[in-house]
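A.B. asks: One letter stands for each residue in the lines below.
6 protein chains.
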Amino acid sequence: MNKVVSFGEIMLRLSTERHLRFEQAKAFTASYGGGEFNVAVSLANYGVNAEFVTRLPNNEIGTCALKEMRKMNVESKNVIYGGERLGIYFLETGAGTRGSNVVYDRAHSSMATIEKGAIDWEKVLEGATWFHWSGITPAISESAAEACLEAVKIAHKLGIPISCDLNYRSKLWQYGKTPSEVMPELLKYSNVILGDIDTAYFMLGIAKVNPNYQDEKTLPALYTKLFELCPNLKTVATTLRYSVSASHQRIGGILFDGKTIYNAAVKEVTPVVDRVGSGDAFMGGLIYGLLEYPNNDQRALDFAVAACCLKHTIAGDYNLVTLKEVENMLDGDSAGLVSR
Amino acid sequence: MNKVVSFGEIMLRLSTERHLRFEQAKAFTASYGGGEFNVAVSLANYGVNAEFVTRLPNNEIGTCALKEMRKMNVESKNVIYGGERLGIYFLETGAGTRGSNVVYDRAHSSMATIEKGAIDWEKVLEGATWFHWSGITPAISESAAEACLEAVKIAHKLGIPISCDLNYRSKLWQYGKTPSEVMPELLKYSNVILGDIDTAYFMLGIAKVNPNYQDEKTLPALYTKLFELCPNLKTVATTLRYSVSASHQRIGGILFDGKTIYNAAVKEVTPVVDRVGSGDAFMGGLIYGLLEYPNNDQRALDFAVAACCLKHTIAGDYNLVTLKEVENMLDGDSAGLVSR
Amino acid sequence: MNKVVSFGEIMLRLSTERHLRFEQAKAFTASYGGGEFNVAVSLANYGVNAEFVTRLPNNEIGTCALKEMRKMNVESKNVIYGGERLGIYFLETGAGTRGSNVVYDRAHSSMATIEKGAIDWEKVLEGATWFHWSGITPAISESAAEACLEAVKIAHKLGIPISCDLNYRSKLWQYGKTPSEVMPELLKYSNVILGDIDTAYFMLGIAKVNPNYQDEKTLPALYTKLFELCPNLKTVATTLRYSVSASHQRIGGILFDGKTIYNAAVKEVTPVVDRVGSGDAFMGGLIYGLLEYPNNDQRALDFAVAACCLKHTIAGDYNLVTLKEVENMLDGDSAGLVSR
Amino acid sequence: MNKVVSFGEIMLRLSTERHLRFEQAKAFTASYGGGEFNVAVSLANYGVNAEFVTRLPNNEIGTCALKEMRKMNVESKNVIYGGERLGIYFLETGAGTRGSNVVYDRAHSSMATIEKGAIDWEKVLEGATWFHWSGITPAISESAAEACLEAVKIAHKLGIPISCDLNYRSKLWQYGKTPSEVMPELLKYSNVILGDIDTAYFMLGIAKVNPNYQDEKTLPALYTKLFELCPNLKTVATTLRYSVSASHQRIGGILFDGKTIYNAAVKEVTPVVDRVGSGDAFMGGLIYGLLEYPNNDQRALDFAVAACCLKHTIAGDYNLVTLKEVENMLDGDSAGLVSR
Amino acid sequence: MNKVVSFGEIMLRLSTERHLRFEQAKAFTASYGGGEFNVAVSLANYGVNAEFVTRLPNNEIGTCALKEMRKMNVESKNVIYGGERLGIYFLETGAGTRGSNVVYDRAHSSMATIEKGAIDWEKVLEGATWFHWSGITPAISESAAEACLEAVKIAHKLGIPISCDLNYRSKLWQYGKTPSEVMPELLKYSNVILGDIDTAYFMLGIAKVNPNYQDEKTLPALYTKLFELCPNLKTVATTLRYSVSASHQRIGGILFDGKTIYNAAVKEVTPVVDRVGSGDAFMGGLIYGLLEYPNNDQRALDFAVAACCLKHTIAGDYNLVTLKEVENMLDGDSAGLVSR
Amino acid sequence: MNKVVSFGEIMLRLSTERHLRFEQAKAFTASYGGGEFNVAVSLANYGVNAEFVTRLPNNEIGTCALKEMRKMNVESKNVIYGGERLGIYFLETGAGTRGSNVVYDRAHSSMATIEKGAIDWEKVLEGATWFHWSGITPAISESAAEACLEAVKIAHKLGIPISCDLNYRSKLWQYGKTPSEVMPELLKYSNVILGDIDTAYFMLGIAKVNPNYQDEKTLPALYTKLFELCPNLKTVATTLRYSVSASHQRIGGILFDGKTIYNAAVKEVTPVVDRVGSGDAFMGGLIYGLLEYPNNDQRALDFAVAACCLKHTIAGDYNLVTLKEVENMLDGDSAGLVSR
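Chains R, A, C, L, P and D are the protein sequences, given in the same order.
First residue of the first sequence? That's 411 in this note's numbering, and the numbers climb one at a time after it.
First residue of the second sequence? That's 411 in this note's numbering, and the numbers climb one at a time after it.
First residue of the third sequence? That's 411 in this note's numbering, and the numbers climb one at a time after it.
First residue of the fourth sequence? That's 411 in this note's numbering, and the numbers climb one at a time after it.
First residue of the fifth sequence? That's 411 in this note's numbering, and the numbers climb one at a time after it.
First residue of the sixth sequence? That's 411 in this note's numbering, and the numbers climb one at a time after it.
The following block holds chain R by itself, in its conformation from the complex (with noise of 0.2 Å):
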């Protein structure tokens, strides 16, 4: 069985109901969640077994955390315990033309705390058929970046597939350094990149291209660069999310092995019932599919887009939904019947 280890930041997600402003809240639904670890969670509930790395607070909030992992099936084995604090965000969830609002207090955590060397790498990746990562973590502070270029180049030593998830955020890289002086060296071990245009130009210091990034001219000269410094890369795609408002999206995909460019069709997400995280999905479905379809980049990235659009039918950071869902809507499944 594959075996996926994930290493990552997982956070308290504090988020209002029902559309409420943050003023308006009295109480903050909290859940656990994270770019990295929502990847791992859709691959245990897709029968992966999945594991996921990270430094938690030695604190009744940092357990709460592991709980949260030990519940959805990721192996925490390795997670080490040390620092101040678990990370929190604040979630305000948008309708219609009001978007979400993330409220990052993150910074100081135990895992913006870590440093190159607190995790055996070579013990941690034993056994492990995939290693994921992404750019949130060389985000958060300049150890943690440290940290995640140890772990991505032992475990291209020693001969695991890499995959990384750009995920630009332009409320983090706040300590000094810009994605384009960290990212290339992380990246050039890489060989799966998901990412769109503007994340992949600004990542490698590139001028940001303008919105239209779907462009069919435009992907494939991105994705040809990226191949030619990232000399590790074998597969690349980008999420297409087209934003009709909070509420309605437009979900399509695309992907790039080198030779050729595949499209999935554009689906319908109406309405949104938490649109946060839905990245990770398509990211958990694409390792899903490159993994247990090797010869099938078109499944693999279909699946890809099925999970990612029934994400943002449910409420939290991951995508507790089951292979056999996804797999129900990549058979055309998606009028939403009752099952009794």
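No wet-lab data here; the hints were simulated from the structure.
A couple of the hints might just be wrong.
Identical copies carry no separate label here, and so any pair may be met within one copy or between two of them.
Unchecked claim - Pairs of lysine-lysine residues, derived as BS3-like cross-links and limited to a Cα-Cα distance of at most 30 Å, are as follows:
hint : residue 1 : residue 2
1    : 413       : 734
2    : 533       : 598
3    : 734       : 436
4    : 477       : 413
5    : 436       : 598
6    : 734       : 581
7    : 487       : 436
8    : 669       : 413
9    : 533       : 487
10   : 481       : 413
Could you slot chains A, C, L, P and D onto chain R? The hints should help.
C.D. replies: Below, chains A, C, L, P and D without anything else, positioned relative to chain R:
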């Protein structure tokens, strides 16, 4: 005044809120409902004298169901007591491409263990001007099927018009008989049948037809067949449901009185607050229409469609709308303006 | 800095959640609002010095309303105390084809029993650069109408620009006078009037026109009429609202300055989180626009329309959005992207 | 079977949860209750045929109250409709040293504006074996007092036993008359009076006595006085309440039948879930006891005390306990063991 | 490290909040628990390797129970799947003089229909150092009793210490056998028995003794009797529970090792947040104590009593406290100070 | 009128409801509080002109705190903005033998990173008649300690009376200095000190004394010591807290003015709704008492004790009671009667 007696099961419904999956729910919203009870509530809300006959366990949960009947102004004096438990169904409300999911836990319920002879139907039906049952009761157990047949035969003997909602549920019919072994005998006594084409064929043991059952050519063939098989049939109708997604339905209706086909205009229903029970709302509207507009099948059908559409905006199993609200919609008011 | 004084009633609003009908609600969400107060909150949120003048009961429920004013940064120093009760309105939030329903319980409120002379308007209006009232105050009682007229006359005497939102409510005006007996005298002193055509004609005692009031030919006729009847009128505007359903509105606007007709592009608003107060959000936006973009009526109108659209995504009576959020929408950002 | 008719007001009760102060509440729990209605519910729960007569507004909030009556199995067929509003009371539940706080908002309610002649009492009381009223109805308005006197006189004429709970409320009696101007005439027709000594003296216009009203010497003097003033009096009783704190009460009772004084043992009641309505629970228990244990005043009194104690564990206005639960307590079972 | 295998049923628990009666509840709080599972959770919380063996239905509700096991760090790898439904119990939490009420709905559950031979106990018990069962499993059905006997025999054969909590439930034992026909055979293999005197006598078919079972003279007689009947018995213990009210308990304990009687000091427990599962907390504490303090039965007993006391402050079935918290209480810290 | 300026941190408080443990919580109740802010709210509630000075992050969570200040009528005009985050504390509310647990997450907060010179104290303190600080501010960071010293020195220079609540928190003081290195210099300028004996000795670097610190002989020795060390000291007081359990406290107080020892009678406080902030309620009451009853230290102390007792019945950090409610309790009214 008309007096409609409805016979079937009332269940405890345990549903998640805000589209949560079962495993995310810290609490289940508790309400009470069931196909035939929902019809009774619709009629009570329209001012009809409505009675519901069922079997309840003699415990606190059964009492909760009884109090709900009273609150909804549904006569409960002929309810009988016995058996072990109130049937339960769990409901996870879908959204968009993810359909709702029902987990039945109604086996061994007080209603499932009802037996022929338990109810003195001659006395119960005194003064009744209509009797209603549905395909759910014969689906839950053999003894319930027998009890249902007994009721239908006596109602027929007493000359009371009988209606049936076919209500096929794939997760029921677990006791060893197929619908086609049980339903035809029951349908023989019915004057009004509500059902879609797949359900009808399945109940009759004919191969399932393909999905576009709304085809103008297919339905008349079904209707002709039903009229052949059911000697007392006077009216057959179908809710036309085009499911764009779990959150967006298009609802129409068709009715055949043995001579003429009546069609109701298709209406947009979006968003869907709760679609469970919308078929029962159609049925309740149809009975009301047939009783109150005796020479106007078009209006009876339109009333049923309008009631069905409005039900999609109501949380819970039954249709909590007034006669005036259905009539306003029939008169063209569907813009959803604020009344103030 | 501009200082806007608004005069009217603040009520306790008791609403059901998640589209529940009144009888389904085990609890009512409590908030505070009212047409003229909502305008004050909008302005405070945009950074304007906003004051609200009203009469509150000297009990704990009145204190709740007072604390809400403070929280929203609306000046409350000239609020007066007396009378028996805070006005209440019950709100059942509709969805789709079922409109929201308001049950007023505001008769005999402290504001309804206010009397002429209770407020020292000369002192209150010192330093004010704008005065706002609405058609609700004269609708709740005769003495409130007199108190309103007194305020309007003094504001006029002091040379303060006066705005009025006609705000016709069919469930009010129960005290024996019709709008057309009361409103013309009040409107004579107003410089800015917001109202749709039916409301306006009704207020003026002219027969109600047919529903497509948005007709380009009809509105100018109304506007001309209003300019004839209201000697101080400078600006008249109308919120154009096309109600597809309770959950889907299309919002535009039109403004006439006596010379030119300005139109704002119609925007899609779906889903609707809460449309109560969206007219007040338009009014608040219009006052802001007229004050801050003095020579740019088009931008003032566009600002009002954008504010109104955003309000539909906010739960509660008033528009809890920042100046920057409205400006972003004015600048074309309505895709509802996640900010992170 | 006994049939008890109770006459009074049913209100919407809006209470804060978990001891929140009014200003902290984002929602109010909505329930329905009122002294005389609470008595009717108690009796219905004990299996007595209970009817409640009141006047409701013809709006959705009035309908909610009506549905509550039905749910509780209280006959509502003689309820009349009219007036503007359902009375409301706000309740902030105290704890420990902080007492609960009631804010009445019941002026101008449908019941407060009821008039003599509105109810056909001869017809309503047909078959009744008991009539109950309380000191609240004459406290809310002059016309309600007149309507109450009419009812009492007719009940007396028809030879129906009449009970009254004095129920003095300092925040009522705002309409210009004092209790001692109104109550004596009403009490003349009553056969059973429940009241504490301060209340009784106040109702009779005698100076308030000092707090230790439970003094064995004081109460007999009051009782003798009441027997002198009320020619039809047969039984007078008092709930003995020793308030250690809002969360800890000691409850006993005393009853005088004109000859003998009966005492009930004082019971500890802690914690208090909700003490509002506990006096009504006493009254309901007393009526039940007098009806069902006709020659056993001691048991009638003990039943009333046990019912009162149990009420303190029930949220909401009325006493949601079964006959068996009160009897178990009478039989000594008050250890609060788990039943399983 | 010790490995404790516990065998029994895990149920969905549906409870009302804030002391509401069933009929008042609009929602039921959903959690998962059951006597033997609760013991497993206690042990996992103390750091013991704990496994739970049960039979779950292969549906979404069964999956919820499985995820709860994982979250609580209880090994679930030997859980088997089959049957129709997860057992349910409804819980109405009492207060003061009103006891809590449990309505069982566990007949026909997957665990109730388990059969002998379904579990490969030789494999499951490999490496186990303790086996725990309770009197509930043989009480739910004959086949469950047989499955339990099979497990106990194999554990005995493998030389694994066996504990049993007698756990008599008057609402179970509905399948035609009495405890005294079933339990003695099962108890023969047990080394540790927890039970109060009435339960024990009842299980053994001896007449129930009177309530003051805590009598110093009565318990030793019972213990001697048990030692006679159970050839493998080493330790017998009783939770001493003095129920002042549903909200106030006094908890002590007594233990007999065949030679010496050990007593634990009685502790005050007030208020009671949730007493369901407190006996399981005692059992979990006792197993922990016997395993970890092998030559210190006094401390083992004291640990069990402290754990039991703390459980009363925890909502839900199982005891969510850490080893350190129990030890702190053992060390005398019970003043409930704020830790900050 | 008196004007009291309080300086410290306001935090987001995230608490579990109904005694849930952190890991059981699906939501955290959000409120705002902090020792010095709580004092300001108490004073505002008593009608004193209260101002709070702090440093808030310039984000949406900081805005929430600001709006809370406004709602509570605490002047916020001198609040400064900057830094990264609002301090957070998590609160799990205990019951009975299980104490409440606070998890601080306030490191790196905007207030923790405040620096000397950031506030123009000469201007801020203009017109102030009292300045209040507490031992928390110097405990969170070195720069905060410096900023606090600056404030205290300027207040002293301006001749404004200064009060300090020692408020020792074992989980703070993490930045490398001990209280005894920092506090003596700060206390030198203070006129009023509130603290228990352990705290006081610890702050002064003297060995911790044993638990019965309420000993009449021990406290005078401490007080004498404090008067020696603090040249400006006029009044020293201690809250006497006897913790029976987390749900039951006994509260008294003692005050020394350099000449006389005053004692307040110990009061029973049970149940405890929320004891966090009860010390701040004492402090707020003491300041009020010293200001308003200048020659009556006994009444000042009694007022502080009554305020402290009432706070235990209030959810949230600060004491939401009116002057009248404290005075009623001072006058002996603590039976918790219903006001109606």
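A.B. asks: Work down the list of hints and note, for each, if the structure agrees.
C.D. replies: Now for the hints, and whether the structure bears them out:
1. Proximity of residue 413 to residue 734 under the C-alpha cut-off of 30 Å is restricted to the intra-copy arrangement: shortest distance 20 Å within a copy versus 35 Å between copies.
2. Taking the closest pair of Cα atoms, residue 533 and residue 598 come within 30 Å of each other only inside a single copy of the chain (23 Å); across copies the shortest separation is 48 Å, beyond that limit.
3. Within a single copy, residue 734 and residue 436 get their C-alpha atoms only as close as 38 Å, which misses the 30 Å cut-off; across copies the closest is 25 Å, which meets it.
4. In this homomeric assembly, residue 477 and residue 413 come within 30 Å of each other (Cα to Cα) both inside a single copy, at 21 Å, and across copies, at 20 Å.
5. In this assembly of identical chains, residue 436 and residue 598 lie within 30 Å of each other by CA distance neither inside one copy nor across copies; the values are 47 Å within and 41 Å between.
6. Taking the closest pair of Cα atoms, residue 734 and residue 581 come within 30 Å of each other only across two copies (18 Å); inside a single copy the shortest separation is 36 Å, beyond that limit.
7. When the C-alpha separation of residue 487 and residue 436 is checked against a cutoff of 30 Å, the pair qualifies only between copies, where the shortest distance is 25 Å, while the shortest distance within a copy is 36 Å.
8. In the homo-oligomer, the alpha carbons of residue 669 and residue 413 lie at most 30 Å apart inside one protomer (28 Å), although the nearest pairing across protomers, at 55 Å, exceeds that limit.
9. In this homomeric assembly, residue 533 and residue 487 come within 30 Å of each other (Cα to Cα) both inside a single copy, at 12 Å, and across copies, at 25 Å.
10. Proximity of residue 481 to residue 413 under the C-alpha cut-off of 30 Å is found in both arrangements, the shortest distances being 18 Å within a copy and 21 Å between copies.
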